[in-house]
Each structure stands twice: as structure tokens, then as C-alpha cells.
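**Q** Spelled out from the first residue to the last, the chains are:
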Amino acid sequence: MMHKIHKALGDRFVWLVADALTMVERNMIRYVRLPQLLVFSTIQPVMFLLLFTYVFGGAIQTGSGEYINYLLPGILVQTAVFGAITTGIGLAEDLAKGLIDRFRSLPMARSAVLAGRTIADMMRNIFVVLLMLAVGYLIGFRLEGTLSDSITAFMLLLLFGFAFSWVSATIGMLSKNVETAQVLGFIWVFPLVFASAVFVPVESMPTWLRTFAEINPVTVTVDAVRALALGGVPDETTSRYVWATLAYIVGILAVFMPLAVRLYRRSV
Amino acid sequence: MSDTAIVVRDLKKSFGSVQAVRGVSFDVQRGTVFGLLGPNGAGKTTVIRMLTTLMQPDEGTAKIEGYDVIKDAHAVRTVIGLAGQYAAVDETLTGRENLVMVGRLYHMGIKAATARADELLWEFGLEDAGDRTLQTYSGGMRRRLDLAASLVNRPSVLFLDEPTTGLDPQSRIALWKIIHDLVSRGTTVLLTTQYLDEADYLANHIVIIDQGRVIESGTPEELKARVGNDVLEVRIKNISQINAATSALRSLGAGNVRVDLMLNQLSMPLENGMGVVPKAIRALDIAHVEIDDLTLRHPTLDEAFLSLTGHSPRI
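Chains as they are written, first to last, in my numbering: chain A, 1 to 268; chain B, 1 to 315.
So here's chain A without its partners, still in its complex pose:
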């Protein structure tokens, strides 16, 4: 009996993985066929990078070191978070076109559509983050941490974007159409990204905003990525940042994965 249950659960997991991979493949084909989707998700962060480096950067005090070194880790986190918005928009589009109905009428794993989409968006982020790094290098950014720290930073970025993709997926499942998903997608992301340490040190903010900015998961992640990429911070501090970021990622996933899947199951 127990053995049977184990086997049934095992089968279900195998099918979930297989179904999710099929959906990942579908979404990746979209990115290959519609490269403009990729271009759109890179133009904006590149513009932010140039704008803040050359226009605002001179007026921002970040202590010693080049502003570009301070800025780029922030921009990378911003890119991961903004990129997550497309998860919800894509799902709202599938919902509006009736594709989700088709998937829901198939005997496939219930969570595979969402998992496939969020994983595909994470894979897109690999490309986008590498590209942003390359652009950063061209305008003077230099990685100063160890290789293993840089890889850790890269993983944190991907996982953080993945977690936010599930928040976005939840919003997408709640949206009645693509336009709503777009508007709702930006509303919550905007304060998170700008009231954070992405562009400026939080110490420069008024107290009330600073309180928010300090507990803001974007700030926590930026601190971790910055410490890992640039070094020069005591190891205990860096690992505190990293653990705090991981805690946020796990927390966000624990809330929004089940929530999004629930909405997918019952959405009408």
C-alpha cells in the first residue's frame, strides 16, 4: 500500500517535470522566434544604466569607488524584478487567448503551465544578466569579488527573479486581460525598485522611507549581490546578506507558488 502511494507520488512528480519541460520548451521557442521580446527586456535596463551612470551618477554620493561599480549590481537586481513582470503578462495573454483553457482540459500536471513559464523566464534572465554584465564592462564596471562569489551572486539574481515571477504569475492569473496585467505588474514593482538601494544608498533617504527601504527585499538582494561582486565587505556581513536574500526568496516562493497554482486551478 505504502509502496503504491510512493509510486503514485513518484509518477506524479515525473509527469510534473515532463509537463513543465514541455512548457519551458514552448516558451523558449517564443523567445527565439520573437527576439523583440528579449530586446525589450534588455533595452530598458541598458537605458537605466546609461542614464544613471552619465546623467545622475555624478550627483550621487556612494562613498569611495566608481559609481558604475555601485550601480551595476543594483541594475541587475532591477532587471531581474522588471523581467518578472513579463511572466504575469504572458500568462494573462494565454488566459485571454483560451490557451490556458486548453491546458486545463488536458490531463497534465496542474502546476506545469506556471512552472514552465517561470522557469523559461528565469532562463531568459541568464541571457539578459550576461548581456548587462557585458554592457557594464564596456562602460567601466569591474567584478572585484572572487569567482565563486560572483557565481553565487549570479545564482541569487536568478532565484530572486524566479521568486518574483511567481508573484507576477499570481497577478497574471488574477488579471482579466493583458492590459490589466501590465498596469498591475508595474504598480507593485515600482516602489520596490525605487525605494531601495538600487541607485542610491538608503542612508540618504528620509527616516520613514529608509525604514521601508532597509527591509525591502530588493535592497537586501542588492546588498548581497553588491557585496559578492565587489568584495571589500567582511565575510560575516556578506553571508548575512546572502542568507537574508535566500530567506526572502524562500518566503516569497512559499506564499506565491501555492497561491498562483490555486488561482490557476479555479480561475474561470
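Hints are computed from structural coordinates only; laboratory data are not their basis. Glycine included, each C-beta is placed from N, C-alpha and C at the ideal position. Every clue listed holds true.
Pulled a few chain B residues facing chain A out of the computed Cβ check, cut under 7 Å: (1) Thr-52; (2) Leu-54; (3) His-74; (4) Arg-77; (5) Leu-82; (6) Gly-84; (7) Tyr-86; (8) Ala-88; (9) Thr-92; (10) Leu-105.
Lysine to any residue pairs mimicking SDA-like chemistry, simulated, CA-CA at most 20 Å apart: (11) B:Lys-111 to A:Val-17; (12) A:Lys-97 to B:Thr-133; (13) A:Lys-97 to B:Thr-92; (14) A:Lys-176 to B:Gln-85; (15) B:Lys-111 to A:Trp-15; (16) A:Lys-97 to B:Leu-93; (17) B:Lys-111 to A:Val-14; (18) B:Lys-71 to A:Arg-12; (19) A:Lys-97 to B:Tyr-86; (20) B:Lys-71 to A:Leu-9; (21) B:Lys-237 to B:Ser-267; (22) A:Lys-97 to B:Leu-167; (23) A:Lys-97 to B:Gln-85; (24) A:Lys-176 to B:Phe-15; (25) B:Lys-12 to A:Arg-266; (26) A:Lys-97 to B:Gly-166; (27) A:Lys-97 to B:Ser-138; (28) B:Lys-71 to A:Ala-8; (29) A:Lys-97 to B:Tyr-137; (30) B:Lys-111 to A:Leu-21; (31) A:Lys-97 to B:Glu-91; (32) B:Lys-71 to A:Arg-110; (33) A:Lys-97 to B:Glu-97; (34) B:Lys-71 to A:Arg-266; (35) A:Lys-97 to B:Arg-142; (36) A:Lys-176 to B:Gly-16; (37) B:Lys-71 to A:Arg-265; (38) A:Lys-97 to B:Thr-165; (39) A:Lys-97 to B:Gly-140; (40) A:Lys-176 to B:Ser-14.
Chain B: place on chain A using the hints.
**A** The following block gives chain B in isolation, referenced to the frame of chain A:
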């Protein structure tokens, strides 16, 4: 195995204060086409969504091939196919990729899924378009691919929600033929439509629903008898011959001949079927009446509703 593929008992569904479906019951015999006919907003799509596990009924039960749509939803999904009002296919994929994707989501191996996709592309006349992305497809081609996608798993029960809405007449007839072929091979089909002629052509049994309730049920012949007969309309060239024409048609004794002097037109319901038509033409010819135009028309859905419910369908 029983010969009933779908059993629906007292299904109810409300959205807030709107009662979309207010107690619908019917049975569908295996290997037949069952038509759910009704105007926009009658509750047809809601019924289909409940039967295909996309939505849970508030009350009542429904079984597909013996599987309960709530308790055995997963099993239901293995035996059904669904093609909706919109072509639910991925625009950026090719026709073949769409079908292979669906096959793999049915847990076919990649080889089996590809073979099935090729088979369906061929059956639906899309073999040449199989490797093009859907952006190059016409509306009719998309709808055909959507129908093909609903057949990947060789479902025993196929649900078609307004399969021909928005299609040009040619694509519509092509789709009718496909549905006909499927049923001749043993598939059970439940389709919704707003068109009386579509239900008439395809369905073995029709249920008419209005405001979430079944208001009429029967074979197309029974329903047509109840909603009124086909009408023969004759427009004559010369108004001076109107009396001759009227008495020629009346002499057939087939139905109540109505005269419209404004349009130079006579109309006669065909109470005893089509056999009267050649007789009518002969009688008019013998009376030397010159015919300008001659049409046969079905009672419209509006007329059917009017005669069944006493009110026009609310659109």
C-alpha cells in the same frame, strides 16, 4: 459499458447574483451528435465549461463516460477533447509544434506525438502549412488546427463550443464535414451553436436552452415540427398575375398561402415537406405565371424562439 456517454443531472451555476445555469439535465447517447442550441448568454458555454472540468458546478452532477466531472476530473480529461470559441493555439509555434506539444502533454512519447501530429495535419489538409507559424494561417486554418489539437488523444467525447462562429461559409461546411466523419467513426460530439441550420445538419438530438434552462428537447425533425415549417417564397414578375398565382398555389392544399402585394410575393409554409416544391412550380407554370425569384427558407432561430417561448431571444 452503457450506451450513454454523457449524463447531466440538474446542473446549476451562478456568478454572483446572475444564475447562468438553473438546473439543466440531459443524456447523450454514445456515437451521436448532441446540439446545445441557444442565443448568446443562454448558458451554453457555462454548461460546456462544467462538463470539461474547467469550472465546478454549484449543484448537480455530470458524468462523462462514467467519470464524475468533480470527483474524477483527471479521468474525465483523459477521455475528452475540447475546441472552444477561440482557436486556442500558440501563435508563435508552427502547426506541427502545436500538435506535438499537446501530444506530449497527453504524455505520448516524442515519436508518437510527432506521428500523431503528422497524421492530423494530413487529415485536416494542413500538411503543407505544418511547418509555418500560425501567424501565417487564415481564420479557418486556425480553427481546423484547434480542432485537430482537440483530437490528438483520440477522445471518445468531443466538446465543440460554437465551432463555426466567425467562419466563412466555405470553412464552415468543411468543418461540418470533419465533424460528420468523426461521428461516423464512433466519436460522441456535444456542440453548442447559435445556428438552427447547423444544429439541424449535424445533430441527432437537440436541446434548446434559454436563460439557463432547457426549454425544448428532441430530434431536429421533432423540433422543426414544433417551431414551424420551412417556408416557400415566390416572387412573381407581374403583379397582374397575382390572383392566378395565388389560386395555383392554393389548389395544392399544402398550406396557408400568404400574399404580400408590396413585394409581389407569395409565401407558403411546407407542412408536408419538400415534395410540394416541384408541384408548386408545375402549377405556376401551367397557370403561365412568370417567376422572378423562388426561395426556400428555414424558420430563423428568432422565429423558433418566438414560437417556443413566446419571447424573442435576449441578445
